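Enquirer: Residue numbers (UniProt numbering), protein chains in the order written: chain W, 1 to 352; chain Z, 1 to 510.
Warning: the hint list may mix true and false statements.
[Unchecked claim] In silico lysine-lysine, BS3-like type, Cα no more than 27 Å apart, as pairs:
#1 Z:K366 / W:K81
#2 Z:K159 / Z:K121
#3 Z:K121 / Z:K58
#4 Z:K274 / Z:K51
#5 Z:K375 / Z:K420
#6 W:K242 / Z:K366
#7 Z:K216 / Z:K51
#8 Z:K159 / W:K81
#9 Z:K274 / Z:K216
FYI, nobody ran anything at the bench for these hints, they're computed from the structure.
Quick caveat, the model's predicted, so the values are computed rather than measured.
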Amino acid sequence: MHLLEPRAQPSQLMRWTAPLIAIAATLLVGSLLFWALGKSPLESFHVFFVEPLTSGYGWSELLIKACPLILIAQGLAIGFKARIYNIGAEGQLIMGALFGGGIGIFYGDSGSAWVLPAMVVAGALGGALWGAIPALLKTRFNAEETLTTLMLTYIATFILSYLMHGAWRDPEGMNFPQSVMFADAALFGLLAEGFRINSSLWIVIFAVLAFWLFNARSFLAYRLEVGGQAPAAARYAGFPAKQTVWFSLVVSGMTAGLAGVGEIAGPVGQLNLNISPGYGFAAIIVAYLGRLHALGIVLAGTLMALIYLGGEAAQLSLQMPAAITGIFQGMLLFFLLGADAFIDNRLRRRAR
Amino acid sequence: MHPTEPRLQLLHITKRYPSVVANDDVSLSVMPGEIHAILGENGAGKSTLMKIIYGAVKADAGEMLWNGQQVAIANPAQARKLGIGMVFQHFSLFETLTVVENIALVLDEPFDLAALALRVKEVSERYGLPLDPHRLVHSLSVGERQRVEIVRCLLQDPKLLILDEPTSVLTPQAVQKLFETLRRLAAEGVAILYISHKLHEIQSLCDSATIMRGGKVTGEAIPREETPATLARLMIGRELPVCEAPPYHGLVRPVLQVERLSLTSDDPFGTELKEVSLTVNAGEIVGIAGISGNGQAELLAALSGEATVDRETIWLDGEAVGHLDAGRRRDRGLVFVPEERLGRGAVPALSLARNALLTGHRQGMKHWGLVAFDKAQAFAEQCIARFDVRCGGPGAAARSLSGGNLQKFIVGREIMLAPKLMIVAQPTWGVDVGAAAFLRQTLLDLSRSGVAILVISEELEELFEISDRIAVLAAGRLSATQPRAQADAESVGLQMSGLFNEAETSNAPA
C-alpha cells in the first residue's frame with residue numbers, strides 16, 4: 001500500500017525545478033494528444049509554440065496577453081502567500097473594467113487628458129471594492145473567501161451583462177451587447193505603429209518592480225508570509241490577522257481591476273461581454289507556476305500568454321477545437337500540483 | 001520455573017540517521033520481574049532504542065533476543081503479539097470517545113464492547129488503576145488518561161512493558177500510585193523498561209539502570225547504590241550544575257497585575273479560568289505549578305495578548321492592557337516564550353534570522369516599512385552564540401533544529417528584547433540538563449536586573465529551583481502564592497490535584 005508522507009526538508013531546488021517538470025510533462029502529454037488527434041506532434045508544436053513568435057506582430061500580441069496575466073498574478077501571489085485564496089480575480093477584473101469603462105463611455109468624448117488616468121484610478125478602485133466585499137465577509141462573518149470571491153465573479157458578470165444589454169449599450173450598435181468604441185482620450189497610446197501593444201505596458205513594468213521590492217524587502221510581506229505559514233506564530237507575534245485578509249484581497253482586487261482597464265482601454269477598446277478570455281482564472285496558474293515570486297511570475301505569465309496565442313493558432317491552422325487552450329492550461333496546473341505534492345511528500349511503501 | 005534467561009536482550013544495536021548516529025553499539029538485557037531504567041538526556045538515543053524494540057523503527061545492525069530466541073520485529077503489531085506493550089509520553093486518545101471505545105480501537109483481535117468494558121474494569125481495579133470504562137476521555141484528568149494507556153497495554157497481557165517518561169505530566173501523588181502499580185506488575189513477572197531523566201525517581205523505583213549519552217551506553221548501575229551526583233556524571237559527563245539565586249536590591253514594584261480574570265475557553269475541551277488574581281513584581285520570579293489542561297493554555301493566551309480580555313483585568317506596569325493584542329503588549333515591554341515552539345514561537349520553514357524578526361523587529365530591524373535583513377541576521381548570530389544554539393547558522397530553518405536548541409533560540413531571542421515582563425511556559429522543556437541549568441541561571445540573572453518573570457511549568461523541581469514565590473493552577477483556579485521557603489512539594493502536589501479550599505485562592509491582588 002502506498003501513501004504520502006511529508007518530507008522533513010522539502011528541497012528548494014526542486015521547488016523551482018517543478019515548473020520546468022510541469023512544462024515538460026505538459027509538452028509530452030500534449031504531443032500524445034496531437035498524435036491521437038491524427039496530427040503530427042512536431043508540426044503541431046511548431047504551430048502552437050514557434051509560429052506565433054516568428055513575427056514582430058506576434059511578439060506584440062504575446063506582450064498584450066502576458067500583461068494582464070502578470071499584473072493579476074502579482075496581486076494574487078501576495079494573498080496566496082498569506083493563504084488567502086482569492087479565486088475571483090475574473091470578477092474583480094470585470095468590475096475594474098466597468099468602473100474604468102463608465103468614465104470612458106461618458107467622458108471619453110471630452111478629449112481631456114485626465115480621462116485615461118481617471119479610468120486607471122477608477123478601475124483600481126472597482127477591483128479593490130470587489131475584493132473588499134469578501135474581505136468584509138471573512139473578517140466579519142468568517143465566510144470562506146474561496147467561495148465568496150468565486151460567487152462574486154458571477155455577480156460581476158451579470159452586472160456587466162445587464163449594463164451591456166441596457167443602459168450602457170451602444171445606441172447605434174445594432175442591438176449587440178456592447179458599448180460605444182472609446183474615443184482616443186480613453187485609450188492607451190500605441191507604442192509603435194502597426195502593433196497593438198500600448199503604454200499600459202509601463203504600468204505592468206512598474207507593478208512588477210514594486211511587487212518585487214515589496215516581496216523581497218517589506219515588513220508587511222514578511223507578516224503576510226508568517227500569517228500564511230503559521231497563523232499561531234502571527235498571533236503570538238501580534239500581527240493582526242484581519243489586516244492580512246483586507247490587504248491581500250484589496251491588493252489582488254486592485255491589480256485585477258487595473259488589468260481590466262488595460263483590456264478595455266487597450267486591445268478591446270470598448271466594454272463588451274468578452275473583455276477577458278479567463279485571464280483572472282489563468283492568473284491563478286501563473287502565480288503558482290511563477291512560485292509566487294515577482295520575477296517568476298513574469299516568466300510564467302509569458303508562457304501562459306504563449307499558450308493563449310498557440311491555442312488560437314492551432315484553431316486556425318490545425319482546425320483544433322477551441323478547448324485546446326483550456327486543456328493545455330489544465331495540464332500545466334495538474335502537473336505542477338502533482339510535482340509540488342511530491343516535493344512536499346514522499347511515497348512510502350507501508351511495511352507489511 | 002526460576003527465571004534465568006533474560007526476557008529481552010539487545011546486542012550491539014546500531015541505528016544511523018543521515019546526520020546523527022542515534023544508537024551506537026547499544027547492548028542491554030532485562031530479566032522477567034526487573035524494573036530497568038534507561039537513563040539519559042534528551043537526544044541520548046533512548047526513544048530511538050525503544051522504538052526499535054517496539055518495531056516502529058528498524059535497526060541498521062545488531063540482534064534482539066526475546067526469551068533467548070532471536071527475533072526480528074517488523075512492526076508494532078508483531079511486537080504486541082510477542083507481548084511487548086508501550087506507553088507513550090504523548091497520549092494517542094480520541095477525546096470524543098469513551099475509555100472502552102478508545103481501547104477497542106487498538107485491539108488487534110475482534111472484541112465485544114460490553115465484555116471488553118467488564119475486562120477493562122476488572123484489570124484496572126486489579127492493578128490499582130480505577131477507571132470507569134464508559135466515561136468520555138475529554139472528561140478525564142491527565143493522570144487518568146495515562147491509566148487508559150496503561151490499561152490498554154495490560155489487556156494484552158504484556159511480558160515487557162515500556163514506559164517513556166511517564167511521570168512528566170503527573171502530580172507527585174500520582175507518581176507514587178503509578179510506582180505501586182509498576183511494582184505489582186514486576187512482582188507478577190513483567191519486565192519493565194522505564195525511560196526517564198529524573199534521577200530520584202529512578203533511584204526509588206528501578207532495580208538496575210542502563211545509562212546512555214550521545215547514542216552510546218556510558219554505564220550500567222544499580223541506582224540504589226549510586227548518588228544523584230554519580231548518576232548525573234554518567235548521564236551528562238560532568239557534575240550536575242546548580243543554580244544560584246542572588247538577592248535583588250532594586251526597587252520592588254508590581255509589573256504584572258492580574259485582577260479577577262475569568263475566561264471561558266474557545267476550545268470545547270478547554271478549561272474556564274475562574275477569578276485568577278496574581279501579582280509579579282520587578283526583580284522576582286513567580287512560578288505557577290500545575291498539570292497542563294488546568295487552564296495554563298488559557299491563562300497564557302490571556303496574559304500574552306493572543307486572546308484579549310476585559311481591559312481592567314490585566315495591568316502591565318500600571319497600565320490596563322487586557323484589551324490590547326499581543327503586538328501592543330509587546331510594545332509595552334512584554335515578552336513571551338510559548339509552550340509550542342514550532343508553529344507558534346517560531347515559523348517552521350523560515351530561517352532563524354527571519355524568526356528573529358518575528359518578535360525582534362522592534363529592535364531597529366525595519367526602516368520605512370522595509371526590513372534590514374542584515375540586522376536580523378546579526379541579532380540571530382548573537383543569539384546563537386550567547387545561548388549556544390546548535391544549528392547550521394542564522395540561515396538554518398527553524399524546523400531543522402532539535403526541540404531543545406530551538407527552545408534555547410526562542411528563550412534567547414525573547415531575553416535579548418530587553419523586556420520589563422517575561423512570561424515563560426515550560427522554559428527548559430526538551431532541553432538537556434546542562435543547557436537547562438544555563439537557561440535557569442539566565443532567567444534568575446534577568447530577574448535580578450529588575451525584570452518581572454512569570455514561569456508556568458509542569459516541572460515542580462524546576463519551579464522550586466528558580467521561583468521566589470509559587471502558586472498552583474488547578475481546574476482554572478489559581479491558589480495564593482507562597483514564598484518558596486514555605487512551600488513544600490507535598491502540599492503543592494496536593495493543590496495540583498485541585499485540593500485547595502476556596503479561602504486559599506487569592507482574590508485580592510497583593
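Enquirer: With a cut-off of 27 Å on the C-alpha distance, tell me whether Z:K121 and Z:K58 pass.
Expert: violated, 35 Å
Enquirer: Straight-line Cα separation of Z:K274 and Z:K216 no greater than 27 Å?
Expert: violated, 49 Å
Enquirer: Mind checking the alpha carbons of Z:K366 and W:K81 for me, to see if they're no more than 27 Å apart?
Expert: holds, 21 Å
Enquirer: Holds or violated: Z:K216 with Z:K51, Cα cutoff 27 Å?
Expert: At roughly 16 Å apart (the allowed maximum being 27 Å), Z:K51 and Z:K216 satisfy the hint.
Enquirer: Is the straight-line distance between the alpha-carbon of Z:K159 and that of Z:K121 27 Å or less?
Expert: holds, 21 Å
Enquirer: Decide if the proposed pair is consistent with the structure: Z:K159 and W:K81, CA atoms, cutoff 27 Å inclusive.
Expert: This hinted pair is violated, its Cα atoms lying about 52 Å apart.
Enquirer: Holds or violated: Z:K274 and Z:K51, Cα atoms, limit 27 Å.
Expert: At roughly 41 Å apart (the allowed maximum being 27 Å), Z:K51 and Z:K274 break the hint.
Enquirer: Are the Cα atoms of W:K242 and Z:K366 separated by 27 Å or less?
Expert: holds, 22 Å
Enquirer: Sort out whether Z:K420 lies within 27 Å of Z:K375, counting only the CA atoms.
Expert: Since the Cα atoms of Z:K375 and Z:K420 sit roughly 23 Å apart, the hinted pair holds (cutoff 27 Å).
Hint violations for this structure: numbers 3, 4, 8 and 9, all remaining hints satisfied.
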